[in-house]
Amino acid sequence: MGDGGELAAEKHVRYIVTVEKKKDSFESLVMEHIRLNGAYWGLTTLDLLQKLHAVEADEVIQWIMSCYHPESGGFGGNVGHDAHVLYTLSAVQVLCLFDRLDALDVDKVADYIVGLQNEDGSFSGDIWGEVDTRFSYIAICALSLLHRLHKINVQKAVDYIVSCKNLDGGFGAMPGGESHAGQIFCCVGALAITGSLHHVDRDLLGWWLCERQCKEGGLNGRPEKLADVCYSWWVLSSLIMIDRVHWIDKDKLAKFILNCQDKENGGISDRPDNAVDIYHTYFGVAGLSLMEYPGVKPMDPAYALPLDVVNRIFLRKEH
Amino acid sequence: MEQEAVAALVAEQKEMVQLREGILHHFEQILHQDPLIDEVGFLHPTQFQSLEHIQTGNWTSEAPECPWTYLWCKDHKLAISMEILPKLYSAARHAYTNSAAAKDGPLMETDLMRHSKALLILCPDMLTAWNSRKMVLSVNYDFTKLKDELQLCALILSYSPKNESTWSHRRWVIKKVSEHNHDMSEIIERESLLVKEIAEKSKMNYRAWRHRCWLIPYMTREQVLNELKKSTRWNELHVTDNCCFHYRQRLLLASLDICQVKNTEDSLDRRSEVHLLWKEELTWNEMLIRRYQGREV
Numbered sequence: 006m007g008d009g010g011e012l013a014a015e016k017h018v019r020y021i022v023t024v025e026k027k028k029d030s031f032e033s034l035v036m037e038h039i040r041l042n043g044a045y046w047g048l049t050t051l052d053l054l055q056k057l058h059a060v061e062a063d064e065v066i067q068w069i070m071s072c073y074h075p076e077s078g079g080f081g082g083n084v085g086h087d088a089h090v091l092y093t094l095s096a097v098q099v100l101c102l103f104d105r106l107d108a109l110d111v112d113k114v115a116d117y118i119v120g121l122q123n124e125d126g127s128f129s130g131d132i133w134g135e136v137d138t139r140f141s142y143i144a145i146c147a148l149s150l151l152h153r154l155h156k157i158n159v160q161k162a163v164d165y166i167v168s169c170k171n172l173d174g175g176f177g178a179m180p181g182g183e184s185h186a187g188q189i190f191c192c193v194g195a196l197a198i199t200g201s202l203h204h205v206d207r208d209l210l211g212w213w214l215c216e217r218q219c220k221e222g223g224l225n226g227r228p229e230k231l232a233d234v235c236y237s238w239w240v241l242s243s244l245i246m247i248d249r250v251h252w253i254d255k256d257k258l259a260k261f262i263l264n265c266q267d268k269e270n271g272g273i274s275d276r277p278d279n280a281v282d283i284y285h286t287y288f289g290v291a292g293l294s295l296m297e298y299p300g301v302k303p304m305d306p307a308y309a310l311p312l313d314v315v316n317r318i319f320l321r322k323e324h
Numbered sequence: 010m011e012q013e014a015v016a017a018l019v020a021e022q023k024e025m026v027q028l029r030e031g032i033l034h035h036f037e038q039i040l041h042q043d044p045l046i047d048e049v050g051f052l053h054p055t056q057f058q059s060l061e062h063i064q065t066g067n068w069t070s071e072a073p074e075c076p077w078t079y080l081w082c083k084d085h086k087l088a089i090s091m092e093i094l095p096k097l098y099s100a101a102r103h104a105y106t107n108s109a110a111a112k113d114g115p116l117m118e119t120d121l122m123r124h125s126k127a128l129l130i131l132c133p134d135m136l137t138a139w140n141s142r143k144m145v146l147s148v149n150y151d152f153t154k155l156k157d158e159l160q161l162c163a164l165i166l167s168y169s170p171k172n173e174s175t176w177s178h179r180r181w182v183i184k185k186v187s188e189h190n191h192d193m194s195e196i197i198e199r200e201s202l203l204v205k206e207i208a209e210k211s212k213m214n215y216r217a218w219r220h221r222c223w224l225i226p227y228m229t230r231e232q233v234l235n236e237l238k239k240s241t242r243w244n245e246l247h248v249t250d251n252c253c254f255h256y257r258q259r260l261l262l263a264s265l266d267i268c269q270v271k272n273t274e275d276s277l278d279r280r281s282e283v284h285l286l287w288k289e290e291l292t293w294n295e296m297l298i299r300r301y302q303g304r305e306v
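Each protein sequence line maps, in turn, to chains W and Z.
Just remember that my numbering sits 5 ahead of the position in the first sequence, which is counted from 1.
Just remember that my numbering sits 9 ahead of the position in the second sequence, which is counted from 1.
These aren't lab readings, by the way, just hints derived from the structure by calculation.
For glycine and all other residues, C-beta sits at the position ideal for the given N, C-alpha and C.
Hints are supplied without guarantee of correctness; some may be wrong.
Below, in silico cross-link-like pairs of lysine to any residue (SDA-like), each with a Cα-Cα straight-line distance of 25 Å or less [to be verified]:
no. : chain 1 : residue 1 : chain 2 : residue 2
1   : Z       : LYS86     : Z       : GLN160
2   : Z       : LYS171    : W       : GLU76
3   : W       : LYS26     : W       : ASP63
4   : Z       : LYS212    : W       : ASP282
5   : Z       : LYS23     : W       : ILE132
6   : Z       : LYS96     : W       : ASP282
7   : Z       : LYS143    : W       : GLU76
8   : Z       : LYS143    : W       : CYS219
9   : Z       : LYS185    : W       : SER33
10  : Z       : LYS210    : W       : GLU76
11  : W       : LYS220    : Z       : ASN214
12  : Z       : LYS171    : W       : GLU124
13  : Z       : LYS212    : W       : HIS152
14  : Z       : LYS171    : W       : ASP63
15  : W       : LYS27     : Z       : LYS210
16  : W       : LYS26     : Z       : THR106
17  : Z       : LYS185    : W       : GLU124
18  : W       : LYS230    : Z       : LYS23
19  : Z       : LYS171    : W       : ILE132
Which residues of chain Z face chain W? A partial, calculated answer using Cβ under 10 Å [to be verified]:
no. : residue
20  : PRO95
21  : SER99
22  : ASP134
23  : SER177
24  : ASP250
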């Protein structure tokens, strides 16, 4: 691929729309259980590229609602799959993209998430009890989008996240868990949404995060790991939230992302010359959005949705 | 004319379904007969053909319905031909969905466990299938069955070491055991060894090391100190691996917690022992920094 050049936006749009339709390949069969996450990645990318109308909104919403479990209030990763917060947030986010939160029984969905908060403030991912700071972020982000954050014990939720802070300024999946850029995004995002960023040592964490930039310009997720396009989002959004984004070389990062494009068939991969997928296509475009790339809508670093979508939700506050 | 064509299509489809189910049945049979399988390989058809061929029973190996064309098992090693994967997967998926919908009765439970196992070996990310297993295992506490579950997780982790759902299921099983069984030391010992083996093959595997850190609160004082000793050599050989240094950091902190808890006679001894341990750590760390300059970790 060599010189990345410019963003091949139209090719990426076509790639996403075809992936959407290609349901019978073995790859899409073994991915079927996280299709709701896939829908969020693909549709958010389309919206960032101002092409959300390329899909039939009613069809998408109907399918999303067929993943809903009315007894519990949660969403499964696809029709017939068990409910989990991972898919519940994706469902809420996609409905936000289409401005169709009215399709939900908002209190029922909120109560599903509220019911997963534990005594120590942490959140389980589902009824089986696995705890992770990712689930704290998901719960806080989804409840905030639904205007139902007041239904949980926010103080305890924040205290739990703070208990996962490490000596290097980063955060892990649980108290004592190693710092990881993805987990840091979740913790910083949750703290930003709850107005608790004063718990973050901005200089210390900013230093750790900007050390993620590798020689070739891309970002990695932990020390000594290879750069990967998905960290463009996790690291960059965290740096923006703590106001230290000027500590990395944005031009080099943008070049790295553009070099990971498949300029013929569309899509973005984790590293140059690797096979593309929908996950990295989303994170690549989202990363460029955070760097104000022309033609890409600006993205909200905490809610992981286009800024205009987030504004629409919070400026029109009827709840 | 048209009717004939439809009938032929239906017959063809029926044949396909039978072929698929036959292979699934055979696959499940292999898993049932050899519970000690510790390695699974998904092979390209040409690679698969080069395997030493085994008894074909009533089939001639050229016949398309012969399962040995696609499955091979010897010395607890299982090979599956990539050619058959999509068909085998969809048969397992179909069988699992049917048995999950039927739910009631002990017979259904056996089916559910058998089909979900086949499905998870092919697609370990299938959270819902793991949940079905948890549901069945929650009914009656059965230590042997839970141990089998650990075996299944270990098998899947051997070829899919970063699989989140499998690690999570494993923690669920260990939690379940710890609720009923007070002596955890043997299980913890084995868990730690498993992570070590996986970490050797899958470098800086976040999920594997997270699992090891998660185990620390279940460890006895002796185990913490022992783990610390064992990790020294490992760290020296893996100086760029942040995971193992983080684990060591947690072990050191755990050693502090342990000596603070009880204020008994030997607590003074323990404190001086821990003090010495921390001093040694600093010397060792200095030596490593001098030996490997310019490494971030």
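These are the hints, each one checked on the structure:
Straight-line distance between C-alpha atoms of LYS86/Z and GLN160/Z comes to about 14 Å, which keeps the hinted pair within the 25 Å bound. About 32 Å separates the Cα atoms of LYS171/Z and GLU76/W, which puts this hinted pair outside 25 Å; it is violated. Note on LYS26/W and ASP63/W: the hinted pairing holds, with a Cα-Cα distance of about 16 Å set against a maximum of 25 Å. Under the criterion of a C-alpha separation no larger than 25 Å, the hint pairing LYS212/Z with ASP282/W is consistent with the structure, at around 23 Å.
For a cut-off of 25 Å, the pair hint linking LYS23/Z to ILE132/W is broken: about 39 Å separates their Cα positions. Our distance criterion of 25 Å between C-alpha atoms is met by LYS96/Z and ASP282/W, whose separation comes to about 23 Å. Our distance criterion of 25 Å between C-alpha atoms is met by LYS143/Z and GLU76/W, whose separation comes to about 20 Å. The hinted pair formed by LYS143/Z and CYS219/W fails the criterion: a straight-line CA distance of about 42 Å is larger than 25 Å.
With a CA separation close to 34 Å, the supplied pair LYS185/Z and SER33/W exceeds the 25 Å bound. A C-alpha spacing of about 43 Å is found between LYS210/Z and GLU76/W, which places the hinted pair above 25 Å, so the restraint is violated. With a C-alpha separation of about 22 Å, the suggested pair LYS220/W and ASN214/Z falls inside the 25 Å cut-off, and the hint holds. Restraint check for LYS171/Z and GLU124/W: the C-alpha separation of about 29 Å exceeds 25 Å, so the hint is violated.
At roughly 42 Å between alpha-carbon atoms, LYS212/Z and HIS152/W are farther apart than 25 Å, so this suggested pair is violated. As the CA atoms of LYS171/Z and ASP63/W are separated by approximately 36 Å, the hinted pair breaks the 25 Å bound. Straight-line distance between C-alpha atoms of LYS27/W and LYS210/Z comes to about 34 Å, which puts the hinted pair past the 25 Å bound. For the hint pairing LYS26/W with THR106/Z, the CA-to-CA distance comes to about 23 Å; that is within 25 Å, so the pair holds.
Simply put, LYS185/Z and GLU124/W have alpha-carbon atoms about 19 Å apart, close enough for the 25 Å limit, and the pair holds. Restraint check: the Cα-Cα separation between LYS230/W and LYS23/Z comes to about 50 Å, which exceeds 25 Å; the hinted pair is violated. Restraint check: the Cα-Cα separation between LYS171/Z and ILE132/W comes to about 23 Å, which is no more than 25 Å; the hinted pair holds. With its C-beta approaching chain W no nearer than about 5 Å, PRO95/Z sits inside the 10 Å limit, and its interface hint holds.
Among the interface hints, the one on SER99/Z holds; its C-beta lies about 7 Å from the nearest C-beta in chain W, closer than the 10 Å criterion. Given the 10 Å rule on beta carbons, the hint for ASP134/Z holds: about 6 Å separates it from the nearest Cβ of chain W. A distance limit of 10 Å between C-beta atoms decides the matter here; for SER177/Z the minimum to chain W is near 5 Å, and the interface restraint holds. The closest approach between the C-beta of ASP250/Z and any C-beta of chain W is roughly 7 Å, which is under the 10 Å cut-off, so the hint is satisfied.
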